[in-house]
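Asks: Listed below, chain by chain, are the residues.
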Amino acid sequence: MKIYVCVKQVPDTSGKVAVKENGVLDRASMKTIINPDDLNAVEAALQIKDQEGCEVIAVTMGPPAAEGMLRELLAMGVDKAVLISGREFGGSDTFATSQVLAGGIHHLGLEKEDIVFCGRQAIDGDTAQVGPQIAEKLNIPQITYAGEVRYENGKVYVKRMTEDGYMRVEAETPVLITCIKELNQPRYMTVRGILECYDKPITVLDYPTLENEPLIDKTTIGLAGSPTTIFQSFTPPVAKGGEMLEGTTQEKCDTLAAKLAKAQLL
Amino acid sequence: MILTEKYQLLRRNFRNFAETEFTDELQKRLDTEGGYEAEMYQKMARYGFTGIKIPVEYGGQGGDSLAYVLMIEEFARVCPVLAIYANTPNSLGGGPLVMCGNEEQKQKYLPDIAAGRKHIVFALTEPGAGSDAGGTLTTAVADGDDFILNGRKCFVSGAPIADYAVIYAKTDPTAKGSRGISMFIVDLKLPGITIGKAEAKMGINGYPTSDITMDNVRVSKADLLGPLHDGFRMAMKTLDGGRLGISAQALGLAQGCLEEAIRYARERKQFGKPIAANQGVSFMIAEMATEIEAARELVYATAVAKDAGAPDSSMKCAMAKYFASEMANRAAYKAVQIFGGYGYIKDYKVERFYRDARILSIYEGTSQIQQLVIANTLLR
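Chains as they are written, first to last, in this note's numbering: chain H, 4 to 269; chain L, 1453 to 1832.
No lab work stands behind these hints: they were computed from the structure. There's no promise every hint is true.
Computed list of lysine to any residue pairs in SDA-like fashion (alpha-carbon distance at most 20 Å, straight line) [to be verified]:
#1 Lys1495/L <-> Glu46/H
#2 Lys1458/L <-> Asp82/H
#3 Lys1495/L <-> Asp53/H
#4 Lys1458/L <-> Asp53/H
#5 Lys34/H <-> Leu1455/L
#6 Lys203/H <-> Glu1457/L
#7 Lys203/H <-> Lys1641/L
#8 Lys52/H <-> Lys1641/L
#9 Lys203/H <-> Thr1456/L
#10 Lys1689/L <-> Met1767/L
#11 Lys184/H <-> Thr1456/L
#12 Lys34/H <-> Arg1467/L
#13 Lys1798/L <-> Asp1483/L
#14 Lys1458/L <-> Pro204/H
#15 Lys203/H <-> Val1508/L
#16 Lys1495/L <-> Pro189/H
#17 Lys203/H <-> Gly1514/L
#18 Lys184/H <-> Glu1473/L
#19 Lys1458/L <-> Lys184/H
#20 Lys34/H <-> Gln1460/L
#21 Lys1458/L <-> Tyr201/H
#22 Lys1458/L <-> Pro67/H
#23 Lys34/H <-> Glu1457/L
#24 Lys1458/L <-> Ile205/H
#25 Lys1641/L <-> Gln1557/L
#26 Lys203/H <-> Lys1458/L
#27 Lys184/H <-> Glu1471/L
#28 Lys158/H <-> Met170/H
#29 Lys1458/L <-> Asp202/H
#30 Lys1495/L <-> Lys34/H
#31 Lys1495/L <-> Arg190/H
#32 Lys1458/L <-> Gly71/H
#33 Lys1495/L <-> Ile205/H
#34 Lys1495/L <-> Gly80/H
One chain only, chain H, in its complex shape:
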């Protein structure tokens, strides 16, 4: 049994966001972090590893600098780190990225008893598309928005959170699960993990290695092949805090009506 976790290095949105002229994020000039939801996915995988003793493999697509993030995951307890990296993959949108990640996982080998974990969505794109698309490409079932995950005898039991409640879903492996932050509290790195992670190998899958992967359509990867065209990239304005109205219910209603009238909404 193996568990794959797909992870992404994202810009630290608490810092300054830089955008290139073509609208694509200028990742090289920004401080990066591990996508927060992906850390929940890593933790979910490590918890099953604690229980079953299986191998956990982190997979990312990104520039060579993403190696630093992979080392942090090794220090948390991930067994193997895989970096899919090549100029040809650069600028991929979610459609292209999912193909490449699915191709990478297929290349490494996905078997009957394996699980793939992803974060729900990345804080830079907020699409939540990559996980489901990987599952489609790999032709395996998917359970999104996992708020609880339990593994037992080749089956996963997931509490899938929805906007107005939750669903309890069970599925046989192989399966892909996307994780939300409420799922767990990601563990810290251990001291020994950090001391040893710099001596561990990182598996790099470059373009020539994956070029002939059946799950990858070479014409739809990279910036040129991505079907998405970016119209504009921007940092959403910070929403102002609401205004609390004081007084009795009647007074509050009057104040509200006056405000709406003033804004010419009534």
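Following the hints, complete the assembly by docking chain L onto the known chain H.
Replies: Same frame as chain H, now just chain L:
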């Protein structure tokens, strides 16, 4: 010192742990109620913090002194008393075992200490023997397969929660001064041991300190640690590592004071502008920051020198402890000064930093003892 990627990652991990786990609520509770937070100790053990300097073959993490000082610094920056939790098993408690234990002793004790299952503390000071360990009155007399220990140790940090103590006792009554002292690993559950009431302290509340009294305590000869009659020299070596740890604790505390002071000086307005706009305040901050940076370089360089076996590393440990602990007191003083009246109120963290800082220039050798070590090295 420019830290390599590995040490930067260690630091980031320690900081993330401290900032997340050492909540204000926990810190306030420990300060007002004292006691001990066993759950936090277990959390630290889970990530290897309690065994950072213990070798891998004995269940530890195999880290070096630089990794250790980074941990203590980052923990103390948020909460000086919780830094002690991670300090003791790696320094005064576990240190003598790592340094002097035979294979059997290391196998028996270290894995449980590294994993946080057992606590070990250091008991050298006595009512009449503080800076002058030569005044040790605790005795250990050989009797068959055992030694019989009698005496009283005081100000033992962690004694109320400990399973074992490294106890120093006079084994050769004819030897003068600090000679003829030996080290023992003593199980604190043994008959004849009494653990005193936790002392009411000015600061570092949340890690209890008490007496250990021994009344005809039978300790197996197998628990004699290191060479017979040569315990004092070993105690001094242990204290080198301990002093380095305190210097890191002082550094972290001072950094915490600086950050609090900067934040407050920017926020607090008087005479229509933030108080940071006054040179009197901004210069205090500049001075704090400069002294902290100087201490940081000294502490890190000492850690590296100590691991490299530099011949003057004992002196450097004394210098680091002396400078950093005095500096931390100056930094805490300035932080309270910048906070003004609020700094005197318990709701504000600098008030606690100020009290916590005071022990730094006292425990594990007062500043004056550090000066003595430095001067003796230079003038001998």
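Asks: Under the criterion that the straight-line Cα-Cα distance not exceed 20 Å, is the pair Lys1458/L, Gly71/H satisfied?
Replies: Between Lys1458/L and Gly71/H the Cα gap is close to 10 Å, so the pair holds against 20 Å.
Asks: Regarding the pair Lys1495/L and Pro189/H, is the alpha-carbon distance no greater than 20 Å?
Replies: holds, 13 Å
Asks: Hint check: Lys1458/L vs Asp53/H, CA-CA at most 20 Å. Holds or violated?
Replies: violated, 25 Å
Asks: Given the hint that Lys203/H pairs with Lys1641/L, test it: the Cα-Cα distance must not exceed 20 Å.
Replies: Judged against 20 Å, a Cα distance of about 44 Å means the pair is violated.
Asks: Straight-line Cα separation of Lys203/H and Glu1457/L no greater than 20 Å?
Replies: Holds. Lys203/H to Glu1457/L sits at ~14 Å (cutoff 20 Å).
Asks: Just to be careful, I want the Cα atoms of Lys1458/L and Tyr201/H compared with a cutoff of 20 Å; is the pair within it?
Replies: Given that 20 Å is the threshold and the Cα spacing comes to 7 Å, the pair holds.
Asks: Does the structure keep Lys1495/L and Lys34/H at a Cα separation of 20 Å or less?
Replies: Violated, because 29 Å separates the two Cα atoms, which is more than 20 Å.
Asks: Is Lys158/H within 20 Å of Met170/H, Cα to Cα?
Replies: Given pair Lys158/H, Met170/H holds - Cα atoms ~16 Å apart, limit 20 Å.
Asks: Taken at face value, is the distance from the CA of Lys1458/L to the CA of Lys203/H at most 20 Å?
Replies: holds, 13 Å
Asks: Would you mind confirming whether the straight-line C-alpha gap from Lys184/H to Thr1456/L stays at or under 20 Å?
Replies: Violated, because 31 Å separates the two Cα atoms, which is more than 20 Å.
Asks: Is the straight-line distance between the alpha-carbon of Lys184/H and that of Glu1473/L 20 Å or less?
Replies: It holds: about 18 Å lies between the C-alpha atoms, which stays within 20 Å.
Asks: Take a quick look at whether Lys1458/L and Ile205/H sit within 20 Å of each other, Cα to Cα.
Replies: Holds, because 16 Å separates the two Cα atoms, which is no more than 20 Å.
When each numbered hint is compared with the structure, violations occur for hints 4, 7, 8, 11, 19, 30, 33.
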